[in-house]
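**Q** What follows is the residue order along each chain.
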Amino acid sequence: MIGIIKYGIGNVFSVMACIKRIGKDCFFIEKEKDIEKAKYIVLPGVGNFREGIEFLNRNSFTEKIKEKIKNGVPFLGICLGLQLLFEYSEEGNKKGMNILNGKVLRFKNINFKIPHMGWNKLKFFKNSPLLNGISENSYFYFAHSYYVLPEENEIIYGRTEYGINFPSLIIKENIVGVQFHPEKSGENGLKFIKNFLEKKWLQ
Amino acid sequence: MVTVRIIPCLDVKDGKVVKGVHFENLKIAGDPVENASFYSKEGADEIVFLDISATIEGRKTMVDVVKKVAEVVFIPLTVGGGINSIEDIEKLLSNGADKISINTSAVKNPKIIEEGAKKFGSQCIVIAIDAKKIKEGKWEVYIESGKKPTGIDVIEWAKKVEDLGAGEILLTSIDKDGTQDGYDIELTKSVSENVNIPVIASGGAGKLQHLYDAIVYGKASAILIASLLHFRILTISQIKSYLKEKGIEVRL
Chain A
1 MIGIIKYGIG
11 NVFSVMACIK
21 RIGKDCFFIE
31 KEKDIEKAKY
41 IVLPGVGNFR
51 EGIEFLNRNS
61 FTEKIKEKIK
71 NGVPFLGICL
81 GLQLLFEYSE
91 EGNKKGMNIL
101 NGKVLRFKNI
111 NFKIPHMGWN
121 KLKFFKNSPL
131 LNGISENSYF
141 YFAHSYYVLP
151 EENEIIYGRT
161 EYGINFPSLI
171 IKENIVGVQF
181 HPEKSGENGL
191 KFIKNFLEKK
201 WLQ
Chain B
204 MVTVRIIPCL
214 DVKDGKVVKG
224 VHFENLKIAG
234 DPVENASFYS
244 KEGADEIVFL
254 DISATIEGRK
264 TMVDVVKKVA
274 EVVFIPLTVG
284 GGINSIEDIE
294 KLLSNGADKI
304 SINTSAVKNP
314 KIIEEGAKKF
324 GSQCIVIAID
334 AKKIKEGKWE
344 VYIESGKKPT
354 GIDVIEWAKK
364 VEDLGAGEIL
374 LTSIDKDGTQ
384 DGYDIELTKS
394 VSENVNIPVI
404 ASGGAGKLQH
414 LYDAIVYGKA
424 SAILIASLLH
434 FRILTISQIK
444 SYLKEKGIEV
454 RL
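From first to last, the protein sequence lines are chains A and B.
Just so it is clear: in the first sequence, position 154 is 154 by the working numbering, and no numbers are missing.
Just so it is clear: in the second sequence, position 224 is 427 by the working numbering, and no numbers are missing.
This is chain A alone, in the form it adopts within the complex:
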């Protein structure tokens, strides 16, 4: 079963609808013990970093997520769900889950409107079966004011241009993180989620 971590915040409904559309079963992880039965973990996110990390820590989700990731459970972090994986965020000046090295920064000194809101191109940096059936420079939907800056360059598989060329697709072992919203990116998004669940990218 695919477990979707349910925050008090953000739109988890669409992630569930998207997975159901692909024909897979999923459930909401609402308590720490629910994580146990998850064969996949999805951490969605629309919302605020401070609220997000405080929620995860308060409900003992952080330690449990770390343990599951260590045990090889495929993990997908979306938007804030990606950002929460890192050490620190400028949003709320808070520490994150510290699963990936690096930090989360606010867009600064760019000549564009913030939030970065709308459809933008995913440029591939490395190939992965996660991108099967998706062409280079396909459009995905973004809605964020912060972006991740990983310390390890080799985990960056895709980037997107918005004043800077920020990392928008991260893969490290069994962890996938995306700055865009696959659940809101039409057909390409559905393909991406399907590829994630097919696990070919893990081999």
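Hints were generated in silico from the structure; no laboratory data involved.
Incorrect hints may have been included.
What the hints assert, rightly or not - Cut-off 20 angstroms, straight-line C-alpha distance, at most; resulting in silico cross-link-like pairs (EDC-like, lysine to aspartate or glutamate):
1) B:270 / A:25
2) A:123 / B:452
3) B:244 / A:187
4) A:6 / B:293
5) B:322 / A:54
6) A:24 / A:36
Values in this document were obtained by computation on a predicted structure and should not be read as measured data.
Put chain B on the given structure of chain A with help from the hints.
**A** Same frame as chain A, but now just chain B:
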């Protein structure tokens, strides 16, 4: 670069899509789920639902409408109309809405912007501003579906909602709405140049050139369209091909 967004707006009353001209004279125009699926397939970048139900019972149906649409349509959905509290926002977001558009209640209680942005993130708090021109270069904020003047200056209000944490402004010209003779370019440009958040232009679209003008001269990040699309005067693919030809980046 991020593309300019083309956003159909569906007015919903008691669970049904209707269309208003100058905010009145409603006509029944179809089922929300079918409308949304249709526009999504046609290439809409987002969809806005505006609940214009007059009764509490009518409003309750909006949660169901969003839920049903979000099950089959995988592009961003914004819901506006009659949202008064953090609880209202939470209910809609947890049932499939991606963004919430607030108008009257934000003017009456600006704290809702701050609290909403803090709790759910700026990117899901859209502030709808209905603007009426009072003299050259000056517009007044109207509330309650464009019926009640507030004495508030549109530019000042736009700056304030940005400071409070709004992620986007949905700007409607009351003077132009329903006229089909073009967006209020001066209004759109003034607001867009005074804030650093995206501005969605609304009200007055009648032909392709109007959309181009709102983007290029009005500096809008997105365009909201209703009747032009609903009555099939233009299609989304027509609009996007046209804009692309003119050198504007769109998602095709």
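**Q** Going straight from one Cα to the other, do residue 24 (chain A) and residue 36 (chain A) come out at no more than 20 angstroms?
**A** 18 angstroms, holds
**Q** Has the given pair, residue 244 (chain B) with residue 187 (chain A), been kept, meaning a C-alpha gap of at most 20 angstroms?
**A** 10 angstroms, holds
**Q** So if I understand the rule, the pair passes when the alpha-carbon distance is 20 angstroms or less; does residue 123 (chain A) with residue 452 (chain B) pass?
**A** Holds, at roughly 16 angstroms.
**Q** Below or equal to 20 angstroms on CA atoms is what counts here, so check residue 322 (chain B) against residue 54 (chain A).
**A** OK: residue 322 (chain B) and residue 54 (chain A) at ~12 angstroms, within 20 angstroms.
**Q** Checking one constraint from the list: CA of residue 270 (chain B) to CA of residue 25 (chain A), max 20 angstroms. Satisfied?
**A** Holds, at roughly 18 angstroms.
**Q** Is residue 6 (chain A) close enough to residue 293 (chain B), meaning Cα to Cα at most 20 angstroms?
**A** 13 angstroms, holds
Going through the hint list in order, the structure satisfies each hint without exception.
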